[in-house]
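**Q** The primary structure of each chain is shown beneath.
Number of protein chains: 2
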Amino acid sequence: MMQFELTKDFLETLNLAVEVNNESKVLELIDGLQSADIAEIIDEQTLEEAIAFYQFFSQEQAADILIELDEGARERILNSLSSEEIAKQFIDNMDSDDAADVLAEMSDEKKNEVISHLEDFEQASDIVDLLSYEEDTAGGLMAKELFKVDINWDIKTCINELRIQSQDIEQVYTVYVVDDKNILQGIVSLKRLLLTPDNKKIKDIYNDNIISVKANVKDEEVGNIMDKYDLVVVPVVDEIGRLLGRITIDDVVEVIKEEAEKDYQMASGISENVESSDSVWLLTRARLPWLFIGLFGGILGARVIGNYEHELQLHPEMAIFIPLIAAMAGNVGVQSSAIVVQGLANNSLGLDGLWSKLLKELGVALINGVVLSSLIFGYCFFFEASTALSLTVSIALLSVIIFAALFGTIVPLLLNKYKVDPALATGPFITTVNDIFGLFLYFLIGHLMYL
Amino acid sequence: MMQFELTKDFLETLNLAVEVNNESKVLELIDGLQSADIAEIIDEQTLEEAIAFYQFFSQEQAADILIELDEGARERILNSLSSEEIAKQFIDNMDSDDAADVLAEMSDEKKNEVISHLEDFEQASDIVDLLSYEEDTAGGLMAKELFKVDINWDIKTCINELRIQSQDIEQVYTVYVVDDKNILQGIVSLKRLLLTPDNKKIKDIYNDNIISVKANVKDEEVGNIMDKYDLVVVPVVDEIGRLLGRITIDDVVEVIKEEAEKDYQMASGISENVESSDSVWLLTRARLPWLFIGLFGGILGARVIGNYEHELQLHPEMAIFIPLIAAMAGNVGVQSSAIVVQGLANNSLGLDGLWSKLLKELGVALINGVVLSSLIFGYCFFFEASTALSLTVSIALLSVIIFAALFGTIVPLLLNKYKVDPALATGPFITTVNDIFGLFLYFLIGHLMYL
Numbered sequence: 001m002m003q004f005e006l007t008k009d010f011l012e013t014l015n016l017a018v019e020v021n022n023e024s025k026v027l028e029l030i031d032g033l034q035s036a037d038i039a040e041i042i043d044e045q046t047l048e049e050a051i052a053f054y055q056f057f058s059q060e061q062a063a064d065i066l067i068e069l070d071e072g073a074r075e076r077i078l079n080s081l082s083s084e085e086i087a088k089q090f091i092d093n094m095d096s097d098d099a100a101d102v103l104a105e106m107s108d109e110k111k112n113e114v115i116s117h118l119e120d121f122e123q124a125s126d127i128v129d130l131l132s133y134e135e136d137t138a139g140g141l142m143a144k145e146l147f148k149v150d151i152n153w154d155i156k157t158c159i160n161e162l163r164i165q166s167q168d169i170e171q172v173y174t175v176y177v178v179d180d181k182n183i184l185q186g187i188v189s190l191k192r193l194l195l196t197p198d199n200k201k202i203k204d205i206y207n208d209n210i211i212s213v214k215a216n217v218k219d220e221e222v223g224n225i226m227d228k229y230d231l232v233v234v235p236v237v238d239e240i241g242r243l244l245g246r247i248t249i250d251d252v253v254e255v256i257k258e259e260a261e262k263d264y265q266m267a268s269g270i271s272e273n274v275e276s277s278d279s280v281w282l283l284t285r286a287r288l289p290w291l292f293i294g295l296f297g298g299i300l301g302a303r304v305i306g307n308y309e310h311e312l313q314l315h316p317e318m319a320i321f322i323p324l325i326a327a328m329a330g331n332v333g334v335q336s337s338a339i340v341v342q343g344l345a346n347n348s349l350g351l352d353g354l355w356s357k358l359l360k361e362l363g364v365a366l367i368n369g370v371v372l373s374s375l376i377f378g379y380c381f382f383f384e385a386s387t388a389l390s391l392t393v394s395i396a397l398l399s400v401i402i403f404a405a406l407f408g409t410i411v412p413l414l415l416n417k418y419k420v421d422p423a424l425a426t427g428p429f430i431t432t433v434n435d436i437f438g439l440f441l442y443f444l445i446g447h448l449m450y451l
Numbered sequence: 001m002m003q004f005e006l007t008k009d010f011l012e013t014l015n016l017a018v019e020v021n022n023e024s025k026v027l028e029l030i031d032g033l034q035s036a037d038i039a040e041i042i043d044e045q046t047l048e049e050a051i052a053f054y055q056f057f058s059q060e061q062a063a064d065i066l067i068e069l070d071e072g073a074r075e076r077i078l079n080s081l082s083s084e085e086i087a088k089q090f091i092d093n094m095d096s097d098d099a100a101d102v103l104a105e106m107s108d109e110k111k112n113e114v115i116s117h118l119e120d121f122e123q124a125s126d127i128v129d130l131l132s133y134e135e136d137t138a139g140g141l142m143a144k145e146l147f148k149v150d151i152n153w154d155i156k157t158c159i160n161e162l163r164i165q166s167q168d169i170e171q172v173y174t175v176y177v178v179d180d181k182n183i184l185q186g187i188v189s190l191k192r193l194l195l196t197p198d199n200k201k202i203k204d205i206y207n208d209n210i211i212s213v214k215a216n217v218k219d220e221e222v223g224n225i226m227d228k229y230d231l232v233v234v235p236v237v238d239e240i241g242r243l244l245g246r247i248t249i250d251d252v253v254e255v256i257k258e259e260a261e262k263d264y265q266m267a268s269g270i271s272e273n274v275e276s277s278d279s280v281w282l283l284t285r286a287r288l289p290w291l292f293i294g295l296f297g298g299i300l301g302a303r304v305i306g307n308y309e310h311e312l313q314l315h316p317e318m319a320i321f322i323p324l325i326a327a328m329a330g331n332v333g334v335q336s337s338a339i340v341v342q343g344l345a346n347n348s349l350g351l352d353g354l355w356s357k358l359l360k361e362l363g364v365a366l367i368n369g370v371v372l373s374s375l376i377f378g379y380c381f382f383f384e385a386s387t388a389l390s391l392t393v394s395i396a397l398l399s400v401i402i403f404a405a406l407f408g409t410i411v412p413l414l415l416n417k418y419k420v421d422p423a424l425a426t427g428p429f430i431t432t433v434n435d436i437f438g439l440f441l442y443f444l445i446g447h448l449m450y451l
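Protein sequence lines, in the order shown, are assigned to chains Y and X.
With the first letter of the first sequence counted as 1, position 14 gets the number 14 in full-length UniProt numbering; the numbers rise by one all the way through.
With the first letter of the second sequence counted as 1, position 163 gets the number 163 in full-length UniProt numbering; the numbers rise by one all the way through.
Any given hint could be a false lead.
One copy or any two copies: either way a pair holds, since identical chains are not told apart in the list.
Straight line, CA to CA, 30 Å or less: simulated BS3-like cross-link-like pairs of lysine-lysine [to be verified]:
#: 1; residue 1: K214; residue 2: K360
#: 2; residue 1: K201; residue 2: K262
#: 3; residue 1: K218; residue 2: K110
#: 4; residue 1: K25; residue 2: K228
#: 5; residue 1: K214; residue 2: K191
#: 6; residue 1: K419; residue 2: K8
#: 7; residue 1: K156; residue 2: K419
#: 8; residue 1: K191; residue 2: K88
FYI, nobody ran anything at the bench for these hints, they're computed from the structure.
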């Protein structure tokens with residue numbers, strides 16, 4: 001099976017088949033599709049279409065699909081069902097982490113109602129446990145389903161025990177080894193279990209050099225750890241090392257991606273995690289605050305220029321390079337800060353101190369500055385034929401590039417030191433400050449040149 | 001074991017212990033550290049320190065560490081060794097995909113020399129196969145090591161066969177099922193094998209509804225597929241469906257991360273994949289081209305303003321809002337394009353057509369534009385006391401916001417349609433065009449207002 005691609009034609013054909021309840025046609029159309037593909041279809045359907053379409057799936061399939069839906073589509077479908085239906089058709093058939101995620105999206109009242117209708121007591125208690133963790137921590141990411149064996153068992157006991165445990169667990173990632181107090185001791189791979197004689201003990205074959213995370217660790221940190229150590233699954237323990245659950249990589253890929261995308265959004269002046277499919281209102285709310293910063297910066301810039309209105313009257317040609325100076329200051333600052341922000345996000349800044357980083361930025365800025373200033377000097381000199389203007393523009397450009405590069409480097413580092421998200425500094429804030437300071441430098445130098 | 005954090009103190013203590021060859025101290029310091037931690041240490045050492053430190057590891061550990069090193073550190077260490085040492089100490093002990101990645105970094109001559117020294121013929125032929133694929137495709141990402149069984153075997157034969165195959169393979173992700181022509185038929189999980197009676201056949205228990213990728217599929221596409229379907233491992237097949245290898249999620253996390261980061265870098269005006277630890281020269285090369293675009297844009301902006309120099313002489317107060325108009329045009333354009341670029345990268349744009357997207361952007365732009373224009377009108381009216389200027393600035397701001405939002409939306413969509421990376425459009429390009437057009441609008445409106 002290669003990847004499925006949803007088209008308008010496919011959607012129309014399917015909706016028609018669903019509407020006339022042509023089961024064989026519907027099953028033919030969705031043959032071989034995965035839950036994620038079906039979810040993509042449902043995301044594009046109206047509520048009526050989606051509910052009619054949902055009839056064609058078994059309870060387990062329906063639960064798998066529900067998890068893959070966009071939050072909006074999931075909410076619409078769940079709102080059309082009673083708490084009892086939600087509990088029995090969906091939540092009882094889900095892994096504990098997915099179930100907790102779905103419940104976390106509901107109101108407290110609805111959540112409690114749904115939990116009270118769960119038939120599987122173990123599932124209900126797992127979910128209640130999971131709901132007690134903050135969403136953006138290891139505890140909020142983990143699932144309770146896992147295979148575990150006692151360090152003192154022999155292989156035969158283990159395999160029998162795993163046969164029992166496997167009724168509740170779909171996918172085996174690894175088998176955890178605990179002592180009689182449930183304290184995590186290590187792991188043993190299924191392969192190892194499969195290939196070791198029955199009478200050996202777990203104690204003899206388990207691997208005790210493993211990485212675990214505590215339940216209160218932030219999700220980004222979990223992402224960094226799994227990425228760094230190439231882990232597919234990581235066990236979660238409490239403060240005294242008792243095994244609580246496990247986190248699999250697919251949940252963490254989302255976190256890693258969102259983290260990288262969040263930095264980009266912030267640098268572009270977009271707060272909150274919005275997508276192009278969100279409402280006009282949400283999109284506006286995510287963007288307007290940053291534009292206020294820009295507007296405020298523009299007004300401050302206007303005041304700077306206003307101070308030199310007298311110079312401008314005498315030398316109106318100075319106005320024509322205002323946008324160039326402002327734009328270059330912004331561009332250089334964003335470049336510098338983007339590199340620092342990504343370095344911080346990746347832990348790839350190394351052990352270099354602040355001063356050696358600034359020294360390097362100074363080097364880059366000097367090369368860029370000299371090249372670009374020479375070009376603009378040449379242009380001004382030949383096309384504007386004014387030595388004063390040429391000198392003003394080129395000296396101002398060089399100064400502005402150096403200032404913007406250093407400022408763009410130092411601000412995210414400082415924010416990070418004081419535990420503020422360094423990505424906040426990039427984009428509108430750095431651009432605006434650099435704009436204003438660049439204009440100030442430009443007119444100051446112009447003032448000196450034209451004396 | 002919790003995560004390791006490298007400090008200057010630790011590094012000094014370790015280097016001292018390595019220098020005086022104090023084995024027990026070195027082993028005590030690195031006790032419980034993973035390969036990725038050791039690699040982090042070596043990345044910060046000089047070549048001499050690294051080579052002395054490397055003596056403390058077994059061949060297998062040494063190979064594991066080599067893979068985790070930064071490209072620069074790896075290159076330095078490999079350059080200090082002969083081809084034979086590289087082959088026998090490192091390449092023979094690596095998984096085929098890692099081995100191919102390391103070899104791909106060498107010159108053709110060195111690569112062939114190393115391959116000629118490999119003792120394991122199977123390893124050598126796997127590596128040669130892998131080197132024939134482009135680095136950024138599924139073939140370039142995959143490893144050849146995998147467990148496979150014939151669809152006609154019974155469980156007992158399978159388990160025996162897996163015992164043999166497992167000598168070469170460290171980690172079992174899944175067991176692939178092929179027919180007698182090596183054409184991929186499906187998968188069977190180790191858990192299933194473990195729990196099924198010996199006399200049953202693979203045919204009866206395997207799962208044929210699986211996702212595979214062709215060897216020539218781009219790495220980003222592999223990342224999207226594994227992310228969408230929550231896969232930990234995906235099989236790679238050739239054009240007629242024969243099983244070639246498998247790709248694991250840890251290799252793809254890198255691709256997913258780099259993809260998200262690349263968009264951010266491009267939007268910030270940084271080409272190539274640079275890090276803050278790269279050389280001044282590399283950093284400059286990645287940044288200067290985008291600054292040229294900015295400079296060129298600034299010159300065009302200067303020409304636009306130059307055309308209205310006469311107006312400026314009569315109304316020098318118009319100059320003071322030049323940076324505001326230019327900055328807002330840039331900010332709005334970047335916001336719009338960032339949302340489209342991320343939507344394209346995530347396949348989350350849905351089935352909406354171009355027109356409905358533009359309509360939505362128009363809605364957002366109208367709200368933002370009306371709010372911000374009213375504010376600036378108020379400011380101008382009270383502080384600059386000129387109706388003509390107040391009207392010019394506020395009308396120009398509204399027009400510029402609408403234009404920039406639509407332009408920022410349409411450009412990445414168009415680029416994507418013509419198979420150009422849409423992230424190229426964001427940052428300097430969109431900012432620059434919006435700057436120039438914004439200035440043009442501002443002076444045009446000013447010209448009409450002051451008539």
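**Q** Decide, hint by hint, whether the structure agrees.
**A** Hint check results:
no. : hint           : in the structure
1   : K214 with K360 : neither (38 Å within a copy, 44 Å between copies)
2   : K201 with K262 : neither (48 Å within a copy, 49 Å between copies)
3   : K218 with K110 : within (28 Å within a copy, 45 Å between copies)
4   : K25 with K228  : between (47 Å within a copy, 26 Å between copies)
5   : K214 with K191 : both (27 Å within a copy, 28 Å between copies)
6   : K419 with K8   : between (47 Å within a copy, 21 Å between copies)
7   : K156 with K419 : neither (51 Å within a copy, 57 Å between copies)
8   : K191 with K88  : between (36 Å within a copy, 27 Å between copies)
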